[in-house]
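Visitor: Turn these sequences into a full structure, and let the hints steer you where they fit.
There are 2 protein chains.
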Amino acid sequence: MPKLRVHNVSISLDGYMAGPDQGPDNPLGVGGGGLHEWAFATRSFRVTYGMGGGDDGIDGIDDLFIAEGDAGIGATIMGRNMFGPIRGPWDDETWTGWWGDDPPFHHPVFVLTHHPRAAVTMQGGTTFHFVQDGIQAALERAFEAAGGNDVRLGGGAATIQQYLRAGLIDQLHLTIVPILLGSGERLFDHLGDGPIGYTCTELTSSASVVHTRLTRT
Amino acid sequence: MPKLRVHNVSISLDGYMAGPDQGPDNPLGVGGGGLHEWAFATRSFRVTYGMGGGDDGIDGIDDLFIAEGDAGIGATIMGRNMFGPIRGPWDDETWTGWWGDDPPFHHPVFVLTHHPRAAVTMQGGTTFHFVQDGIQAALERAFEAAGGNDVRLGGGAATIQQYLRAGLIDQLHLTIVPILLGSGERLFDHLGDGPIGYTCTELTSSASVVHTRLTRT
Numbered sequence: 001m002p003k004l005r006v007h008n009v010s011i012s013l014d015g016y017m018a019g020p021d022q023g024p025d026n027p028l029g030v031g032g033g034g035l036h037e038w039a040f041a042t043r044s045f046r047v048t049y050g051m052g053g054g055d056d057g058i059d060g061i062d063d064l065f066i067a068e069g070d071a072g073i074g075a076t077i078m079g080r081n082m083f084g085p086i087r088g089p090w091d092d093e094t095w096t097g098w099w100g101d102d103p104p105f106h107h108p109v110f111v112l113t114h115h116p117r118a119a120v121t122m123q124g125g126t127t128f129h130f131v132q133d134g135i136q137a138a139l140e141r142a143f144e145a146a147g148g149n150d151v152r153l154g155g156g157a158a159t160i161q162q163y164l165r166a167g168l169i170d171q172l173h174l175t176i177v178p179i180l181l182g183s184g185e186r187l188f189d190h191l192g193d194g195p196i197g198y199t200c201t202e203l204t205s206s207a208s209v210v211h212t213r214l215t216r217t
Numbered sequence: 001m002p003k004l005r006v007h008n009v010s011i012s013l014d015g016y017m018a019g020p021d022q023g024p025d026n027p028l029g030v031g032g033g034g035l036h037e038w039a040f041a042t043r044s045f046r047v048t049y050g051m052g053g054g055d056d057g058i059d060g061i062d063d064l065f066i067a068e069g070d071a072g073i074g075a076t077i078m079g080r081n082m083f084g085p086i087r088g089p090w091d092d093e094t095w096t097g098w099w100g101d102d103p104p105f106h107h108p109v110f111v112l113t114h115h116p117r118a119a120v121t122m123q124g125g126t127t128f129h130f131v132q133d134g135i136q137a138a139l140e141r142a143f144e145a146a147g148g149n150d151v152r153l154g155g156g157a158a159t160i161q162q163y164l165r166a167g168l169i170d171q172l173h174l175t176i177v178p179i180l181l182g183s184g185e186r187l188f189d190h191l192g193d194g195p196i197g198y199t200c201t202e203l204t205s206s207a208s209v210v211h212t213r214l215t216r217t
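Protein sequence lines correspond, in order, to chains A and B.
Counting from 1, position 197 in the first sequence corresponds to residue 197 in the working numbering; the numbering is continuous, with no gaps.
Counting from 1, position 18 in the second sequence corresponds to residue 18 in the working numbering; the numbering is continuous, with no gaps.
In case anyone wonders, no lab produced these hints; they're calculated from the structure.
Treat the hints with care, since some could be wrong.
Said to hold, decoys possible - Here are some of the chain B residues that sit facing chain A, going by a computed Cβ distance under 7 Å: (1) Met-1; (2) Pro-2; (3) Leu-13; (4) Trp-98; (5) Pro-178; (6) Gly-182; (7) Asp-189; (8) His-190; (9) Asp-193; (10) Gly-197; (11) Cys-200; (12) Ser-205; (13) Val-210.
Glycine residues also receive a C-beta, built at the ideal position from the N, C-alpha and C atoms.
Guide: Here it is as structure tokens:
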């Protein structure tokens, strides 16, 4: 059975997936960029984004987790706020994501939105589809597009929370980064008494961060 | 300079220091006992509490952290809710803590409370003093009683938050336990945009948990 997987979600020691004062000029909030430095340092991340250099960490653990996030994935779902900073109707259809002309997906990407927009075909095999009829419909379309491969769910926090509440995520790889953000957007929020039905099945430290995995039981 | 230190504070992966529905019969809340299993398994904890057995973990890391929490400590401060389940005036002065006739402190312990009560001398060197004039006064009395040694701050979450907001804690050893509690009492809450002035200076995994240390900068 193909799975819905979440990978490389980074939270601060105090639980935030983004810092305070998020906005177009600061999509990760104040200090939020520090959540992703561990990823930028890995070879797999730099290869994916066409950057040179990078090491795979003292023990290669970080690199393995980054690489795993791309393995066996046939489609991606993301919230609109991960796709771009624009809110409301798509008045400006020139926005095609943060990732340039050849985004690092190379497969169909389903963007959750309340506002209609025609699909956009990018270079390198990525097509952005805009889904208006909810998380369940997006998941069905993504599984169909993935053709037997798994589907990856991106962020942000609100999108992951919706899928967690619905119990639709099969596994979630979470990285705890040893910084404090003080306030912002928490991953473990708006979940009632949840995430119900998930247990932590892995706990591994690299030199930089802690990797954990939640699995639906 | 003697320091104010916090040790072995355990939080769940979703950030809770106690689970939901805390009460006299369930002081750690539903599921909260799971936060302390790693400690119970260490040799140092079992020696302190007069229990037999225990191992020091696959790599001894957990045991080292537990032992460190007792080293060089001359006095302890704790919130009233850590001392016992009774709220309001001390109508029943027979309550002398959760720890029996010979508590594992063996030094003066200062309990924060709004209600007056005479000091209680226990076996083995522990005396409970009840401090009504606030966290600063308790700290001064504890430093004086410690006679040049450090002071340890116990819980619960509200007590630690008060001292963090005031910037009075020198270092805080925090353990992240790979369980999910869903709701309850968070450590990183009621801190404004804080803890301001603290950085994470250590990140170490044992086979069971993650140890981190916050240091005042």
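Visitor: Evaluate each hint against the coordinates.
Guide: Do the hints match the structure? See the list:
no.	hint	in the structure
1	Met-1	violated, 24 Å
2	Pro-2	violated, 25 Å
3	Leu-13	holds, 6 Å
4	Trp-98	violated, 27 Å
5	Pro-178	holds, 4 Å
6	Gly-182	holds, 4 Å
7	Asp-189	violated, 9 Å
8	His-190	violated, 11 Å
9	Asp-193	holds, 4 Å
10	Gly-197	violated, 10 Å
11	Cys-200	holds, 4 Å
12	Ser-205	holds, 3 Å
13	Val-210	holds, 5 Å
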